[in-house]
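Peer 1: Given the sequences, and given the hints that come with them, work out the whole structure.
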Amino acid sequence: MDQLTQYIPVLILVVVAVCFAFGMLIISVLFGQKGRRDQIKDTPYECGMQPVGEGSTRLSVKFYLVAMLFILFDIEVVFLYPWAVVYKDMLRDHANLIFGSMITFLGILFVGYIYALKKGAFDWKR
Amino acid sequence: MNRMEWLANLTPTQQFVLFSVVKIIFAVAILMPIIAYAVLVERRLCAFIQDRVGPNRVGPFGLLQPLADGAKAILKEDFTPEHVRKVYYWLAPALCMIPALLTLAVIPFGSNLGNSNNRMVIADLNVGILYTFGIVSLGVYGIVLAGYAANSKYSFLGGIRSSAQMISYEIAMGMSVIPVFMLVGSLNLSAVIDYQAGRIPDPETGRLIQHSSGLLSWLVFKQPLAFLIFLVAAFAETNRLPFDLPESEQELVGGYNTEYSSMKFALFFMGEYANVILSSAMMVTLFFGGWTLPVFGLEQPADSLGKGLLHIGIFLGKMAAFLILFIWVRWMLPRFRYDQLMDLGWRRFIPLALANIVVTAILLWVRA
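So the protein sequences, as listed, match chains A and G. Position one of the first sequence corresponds to residue 1 (this note's numbering), numbered consecutively onward. Position one of the second sequence corresponds to residue 1 (this note's numbering), numbered consecutively onward.
Treat the hints loosely; a few may be bogus.
Quick list of simulated restraints, FRET-style, between CB atoms [unchecked claim]: (1) A/HIS94 - G/MET32: 46 to 56 Å; (2) G/THR80 - A/THR57: 20 to 30 Å; (3) A/PHE105 - G/VAL295: 40 to 50 Å; (4) A/MET68 - G/LEU228: 20 to 30 Å; (5) A/ILE103 - G/ARG85: 45 to 55 Å; (6) G/THR11 - A/THR57: 52 to 62 Å; (7) A/VAL29 - G/ASP51: 36 to 46 Å.
These are computed hints drawn from the structure, not numbers from a lab. Nothing here was measured: the structure is a model prediction, and the numbers come from that model. We put the CB at the ideal spot given by N, CA and C, even for glycine.
Peer 2: Right under this line is the structure:
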């Protein structure tokens, strides 16, 4: 079976999942109770108090940092996967090459991690 | 006989598509009741832990409760408040549910039925685990969009917290399983199960060779640290206690689903349970031998229909055990504080997972 045929079931599953999710939404619109609207019902829920200010408040730059760090580390994790797959095979013929190159890569990754740590990027209490 | 002829006349691709559709319908039809009854089991178990009775009125032992809950979710008013961002508000619950269902595709839930070569996995992708991680990452969109769309402070905070938490633990999760694939030498999940049953491909020819195997060849015993990190990360990824900060009731009411009602709310709920069930399935596949058992020859692919069904039963049984663990932990542990949660992910698990990779690499290198 060629590479792309493998993905036909995934495509079918996508269709099933999308139909299921939106089907549920449509069913509840069709069969749900129709209630009245009024101003109080339309206010955002804040435990019965009058809402103060905007719904989407400004947020700490810390969250932006999390996103940046995530992208950096996640890309490095993705690089590790192909290596992990061929590692055992490569060990038979080019043991030192595959081992040395990946230890170097992990070393650089670790230095970057230590740098972020020392800079206080993982200091969540601040 | 007429029916079989019709089947044999199809091209292999057509047969493949037909079997895929049957498998998908079968798998989804099994998953849905499991989700519904997971909710019931959770409510009954938590009641038991807290010395209450729990829902026992609808049907014998409350067994019809999921049906009643479903009917209720459908019949409730589908209210869209004035202050929300409409498109995203409608999109978010669906986006929460779809990735949860898509993860199902690569999980091998049985060997085969009888002598046929139809493996009981919807799509036997050679990139297996990468597909899973890719789809699981999409799950964060539903929750972030829900928080953003509701235009309410509780939802917004819940959505932000959830996105930070999910992406943080995704790294730990991704790193934790790398040693597993170093041992197996393939990203395909069926290959992971074969490895745990002692069927390891020969380096020269690539044909599977049966080695001696037993309970100890399960990867949980070879990579206990990887399993531990994966387990905790799975709790964080599915927003379950002790890491349920996105929906912590005491501070954020319900988090990202505060402004939702009726079926849209139920979809978030179902999405969460589907994620719990599928991460249980992932753990069973990666670390606990999948559909195999190291007794009575059950580690071999089935040669009869009954054995094939038994394999599916074994898989579901192992999965149920993890489901109970998820529920048990939820009612036993208090919630983490936000900085503790991030600390655990970034400062403990990432170095630990890295160290685990290096140690496994050195061990394999020394042995070679």
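Peer 1: A separate judgement is required for each hint: does it hold in the structure or not?
Peer 2: Okay, the hints, checked on the actual structure:
no.	hint	verdict
1	A/HIS94 - G/MET32: 46 to 56 Å	49 Å, holds
2	G/THR80 - A/THR57: 20 to 30 Å	22 Å, holds
3	A/PHE105 - G/VAL295: 40 to 50 Å	42 Å, holds
4	A/MET68 - G/LEU228: 20 to 30 Å	28 Å, holds
5	A/ILE103 - G/ARG85: 45 to 55 Å	49 Å, holds
6	G/THR11 - A/THR57: 52 to 62 Å	59 Å, holds
7	A/VAL29 - G/ASP51: 36 to 46 Å	41 Å, holds
Going down the numbered hints, you'll see the structure goes against none, and every one checks out.
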